[in-house]
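Take these sequences, add in the hints, and give me the full structure.
Numbered per mature numbering (1 follows the signal peptide of the UniProt record, and there is no 0), the sequence shown spans residues -30 to -1, 1 to 232.
For the record, the hints were derived by calculation from the structure and aren't laboratory data. Here the structure is a predicted model, which is why all the values come from computation and not from measurement. From the three backbone atoms N, C-alpha and C, an ideal C-beta is built for every residue, glycine too. Each statement offered as a hint is correct.
Pairwise CB distance ranges (calculated):
1. S170 x V118: 39 to 47 Å
2. V23 x T195: 49 to 57 Å
3. D220 x G70: 44 to 52 Å
4. G179 x S20: 51 to 59 Å
5. A153 x T193: 21 to 29 Å
6. A224 x H137: 28 to 36 Å
7. G117 x S57: 15 to 23 Å
8. S85 x P222: 38 to 46 Å
9. V174 x N121: 28 to 36 Å
10. S100 x R139: 20 to 28 Å
11. A223 x N121: 40 to 48 Å
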Amino acid sequence: MRSIRYVATLLAALATALTATLVVATPAQAAPLFKAPYPCGQRWTYSHHSAEVRLALDFVRADGGGTAGTPVLASAAGTATRHYQASGAGNYVVIDHGGGWKTYYFHLAAFSVASGAWVNQGQQIGTTGSTGNSSGAHIHYEQLFNGVGQNIVINGASLAPYPGGYHQRYLTSDNGCGGGGTAFWTWGSGIRVRSDVRLSAPVVTTLPGPTLVYVLCQKQGDTVTADGYTNNWWARLRDQNGYMTNIYIDHPAAQLPGVPIC
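Rendered as structure tokens:
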């Protein structure tokens, strides 16, 4: 009888401990794996204004592309709602990710999702703009837990301590990079894949001959002249994690159809 009572007491203690463990969940434990709020392969710089009370970051492009009009992407899946505040956030979207977590995206030029719609991570929710109280196009981005602003964490890594101005720290997005892409064959041999759309950028790998590649997106960069062709469009390759000139993509168009802009 004593052993039965001892086992029962032990089980009760374990149940209490388990309950306490489940209740006391820290924000870090509950957070989704957030990704950057802009497209795969793009490099942006960010800063924090001390007057902002919710630990927000402002992002602008730093890879030669234009900030205005660039797609704004959901950094994690959830339910999106559209809002407007003329004297402040302008057009903005709030995504409820569950578990007390929400993200905010301010100053959008336009919405790309219906209010109340479910969005997947990497889905476009708007375009970057400067609506509301804003002096120039940028993405004002926030992560809130139970209504309280948190230090921004991307791919599990905190971006704190925040810089007080742009071009001090940078972040390249991998949002939407996983899987997917449009399949194309390359032609020619010894085709260099570079880390960026510049001829001076480091070579990531070399394609020895015709290769099936998956193009995630494309953007304009250095003009390349080769084999009688001239083109300044470059394709971002999924599996090689770099860019190649579109000249050696086996397609007649300089800008590949059906492939988004990086």
